[in-house]
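**Q** Protein chains in written order, with the working numbering: chain A, -11 to 402; chain B, 68 to 399; chain C, 22 to 361.
Be aware that one or more of the hints could be misleading.
[Stated by the list, open to error] Once the Cα atoms are required to be at most 30 Å apart in a straight line, the calculated DSS-like pairs of lysine-lysine come out as:
no. : chain 1 : residue 1 : chain 2 : residue 2
1   : C       : K292      : C       : K94
2   : A       : K396      : A       : K331
3   : B       : K335      : B       : K378
4   : A       : K19       : B       : K323
5   : A       : K19       : B       : K393
6   : B       : K323      : A       : K308
7   : A       : K331      : A       : K19
8   : A       : K171      : A       : K230
9   : A       : K391      : A       : K289
10  : A       : K198      : A       : K230
11  : A       : K308      : B       : K265
12  : A       : K171      : B       : K393
13  : B       : K323      : A       : K309
14  : C       : K94       : C       : K202
15  : A       : K308      : A       : K289
16  : B       : K322      : A       : K308
17  : B       : K265      : B       : K335
18  : B       : K322      : B       : K251
[Stated by the list, open to error] Pulled a few chain A residues facing chain B out of the computed Cβ check, cut under 7 Å:
no. : residue
19  : T111
20  : R116
21  : P133
22  : G135
23  : L218
24  : P339
[Said to hold, decoys possible] From the derived model, a few chain A residues whose C-beta atoms are all more than 10 Å from chain B:
no. : residue
25  : E(-8)
26  : E14
27  : N46
28  : A114
29  : G132
30  : V138
31  : N223
32  : L243
33  : T288
34  : N312
35  : V360
Treat the hints as calculated values from the structure; they're not laboratory data. In this text, all values refer to a predicted model and were calculated from it rather than measured experimentally. The C-beta atom is built at its ideal place from N, Cα and C for all residues, glycine as well.
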Amino acid sequence: MATEVILPKVDMDMATGRISRWLVAEGAAVKQGDPLFEIETDKAAMEIEAPASGVLRNPAAQGSDIPVGNAVAWIVAEGESFTTAPAAVAATTPTQKVEAIEVAQPAALPVAANLNGSGLRATPLARRMARLAGLDLARINGTGPHGRIVRADVEDAVAVRAAQPAAAAAPVPQGASEASVRKLFAEGSYREVAHDKMRLTIARRLVEAKSTVPHFYLSADCRLDELLALRTDINAGATTYKLSINDMIIKAWALALRDVPMANATWTDGTMLIHNSVDIGVAVSIDGGLITPIVRNAETKPLSAISSEMKDLAARAKAKKLKNDEYQGGTTAISNLGMFGVKDFAAIINPPHATILAVGAGEQRGAWENGVFVPATLMTVTLSVDHRAVDGALGAQALQAFKGYIEKPLSMLV
Amino acid sequence: MDAAVRELSYSQAIQEAMAIALESDPRVFLMGEDIGVYGGAFQVTGDLVERFGTDRVIDMPISELGGAGVAVGAAVTGMRPIFEFQFSDFATLALEQIVNQAAKMRFMLGGEVSVPLVMRFPAGSGTGAAAQHSQSLEAWLAHVPGLKVIQPATPHDAKGMLLAALQDPDPVMIFEHKLLYKMKGEVPAGHYTVPIGKAEIRKAGKDATIVATSIMVHKALDAAAQLMAEGIDVEVIDLRTIRPIDRETVIESVKKTTRLLCVYEAVKTLGIGAEISAMIAESEAFDYLDAPIMRLGGSESPIPYNPELEKAAVPQVPDIVAGIRKLAEGRR
Amino acid sequence: MVQTMKKAAAENVPYAFRNYSPEQLREVLHKMHLIRRFEEGAEDAYTRGLIHGTMHLSIGQEASAMGICMPLKPDDQITSTHRGHGHCIAKGAQVDRMFAEFFGKTTGYCKGRGGSMHIADVSAGNLGANGIVAGGIPIAVGAALSAKMQKNGKVVICFFGDGANNEGAFHESLNMASIWKLPVVFVCENNGYGMSTSTARSTAVANIADRAVAYSMPGVTVFGNDFSAVAEASTEAVDRARRGEGPSLIETKTYRHRGHSKSDRNRYRTKEEIEEWKALRDPISLFETELKQFGIMDDAAIAKVRETVEAEIAAGIAFAKDSPMPSTADVLNFVYTEQQ
């Protein structure tokens, strides 16, 4: 009896997923629990295991969007012949014993109405892709010969749909259609880079954030001299870790939110959630995008622990090997573009957080001290705040606490 | 294995294979019309009769039917004959022994005998030999279970597949295109085999697959070079064996490129392209087709005498280029 | 009695009785009865619906088969025709495995894949009956070519009927056997009819053996229902072949009691003709008469042979009935030689 391999839901708001690569080939033997394929989720690839032992049959194509819960392959018993098993009907094995021409049947999908509109011209590949993606062929424009729907047309349709946010509570304004955007540029004056899952997710989530979260922004300059000196001292004596400025920023912000707990919150329509720990998502730039691995309970961790954890998380983030719970969730975030010389900037909040701290470069700017202008290294930080959860004064308090820890860094060590 | 590789012509490569076989296996002998002192109608056997004697290189009377039966009888009683037909068209005279006897004896006798014979057929058009001396009849024989049918397209494969055929316990029919006999190619010295039943990807590509046989492999490669310049990257498969067909190679290629063109010299209708097309449509590759399957084959006519008509009767390079361009419409 | 025999002029005593021992002669009778009863048993099973297809019975041609095969050694070879059950038994086949083949069972000589028209017994040198008229003739020449190339001293008997002698393959084969001096003996069992067409209407020569001269080989016509005459002609031809002197053509004039196949209504010959051959020229009757005449066997001994043969046939049919059918899963077996 064939066992269905489905595309599992691995992210909170995941409607479709893409198989980034198969780890096992059609016809190969697998044992229950063996990794079968990698799913491209929001940010990191995830390995999906075989639900049964047997022989893998009819793996779905890589790279196209598949609705969650759909079958992407079958595992049949050794020697069992493989035929379609539509959900409610018992599988019938072919009775003719002459040369077994394996007619690979498409995996049965519980997709609703009119996929194969009568009179519709579409290539077998286009039909298959549309079926796997749960798209209605009748609504796809065909650009092939005789108006035939070809692969490219289905790919376009999939991309268009993915750029739309999944069932959003508040209506989100749609941007210009791809066609109208292309019209603004001459043919051949650009090259095309296909969207991967991460890009589409970033696009979707940030449109959602910017249009549903009422942002306001608070900036402060922080004097870094003492922090830099302390860091130099600590690193001089250290052998197993080297603190970075960012490590110390993480600790400072964590302590600030510990001190101003009402700012460590999440807005929901029903109630406000005030978190018990400060879990900071630290933005890490990776190939083609960014991801925020989370340092949990950051307020309780010594700097050395934060430092090693960040090194590990950053490395695995770049290798796209983060586990789901390592980048999903969190109560706040930090984004640091100082290494690029950015003076200051305002980041977009990642729901469900209420705040995100944007950190600029430390620069020699000088400061007034008791009427004297002295050399000083200053860093501008900007806190973006969800006004529904955190008001101006509350946000300012948190920012003030942060500045305190940065400018008197020894206080982070006690 | 001797690693020396030299340039030989297709016919020289075949001769070399036969010489190696005659030298090493006393069961092997050659029979055919004018293969002895004349050296063979296409000079393939050459001086083999001087080297191995008239007992091993037998000039037979013009008796294709009887001769084919003699080959069958010899093969079932311990010998390994290589029967050279002067033209593949004359297979028609011997079909009784090839189809009713050679192909079926093992089966009808429940496995009590094998029929390890090899038959070689100079085939195809382009020499002005006209309708009765220019045919491509390999599909007829490939339709018969019990036979194996091959079409080596290069000197390397002509030698290696003949040597493989001599190791095969079942009857192997070799169709050699006449225009290939003078083609030169790299051929290793010594004994080696090229497997029967395995196709070869002559050029890897990603935009379309051409499955071709015999001389059409070379035309397909010429077409592929032209198409490269237009940005169309074609994969060319030399099918090599048409019974049994290497399904896996063709299926994997079509899944990769999503487009398929079959090119063969034999009359298009009911030829090898029909089989490949149906095979793909029945296979998992069906769901990867982004365009209809296309075939280019010989015209629905006997081969004409007039040279321009003769060329027009079979696929040429421009036809293949045009075919791929059509297939690639709608590609992005 | 025996002394009286020895005193008789050699010419009056048939070849067989001068050259074969009583045991051999008894065995010949046994085999002739076995062929006859096998054919009748197969016919009976067929009419009961136990046998698929059709069959071509050689009842009435037993002496031809036995006489030709008499001088053969176990590793000499024969090719046979669609009317080949007699040849098969004459060359040493077991009736139980023959019945099993006709019943389509896996214990048959061809594992149920060949049936009556393709029955073979390769280990006994029978390269097979053939469903194509003249199909086996060039094959026999090929086997003889093998024998010559391998220098193994084997001789090949090529059985065919009067119909085959007009096929192109016949002419091509005799020509090649002759130019290459091959150890093959061509045996035409001329029973007067190629299915419904008499030799008088189909063949340009009165005796098929007359064609031998066109291929530079000896040709001899013998009365096919006289075991001794056939044996003598065969021995001469086989010896010639074994000496390396090349092929011969023997024509045995005989007659088949039954129609061409099971669907033959015998409309091309008269009842009288059939009855006459059965009454006056039945090969078994003729041989039994001679056996008694020369004191080799008496009625009681002959009756014993019949009894033995009845038992053999009955056992053979029982074996066939009890044997297994092949599985449909094995339909592709033997198309090609399985390779490791």
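**Q** Starting from the hint list further up, note which numbers the structure goes against and sort them upward.
**A** Hints 1, 5, 7, 8, 10, 11, 18, 22, 23, 24, 26, 27, 28, 29, 30 contradicted; others consistent.
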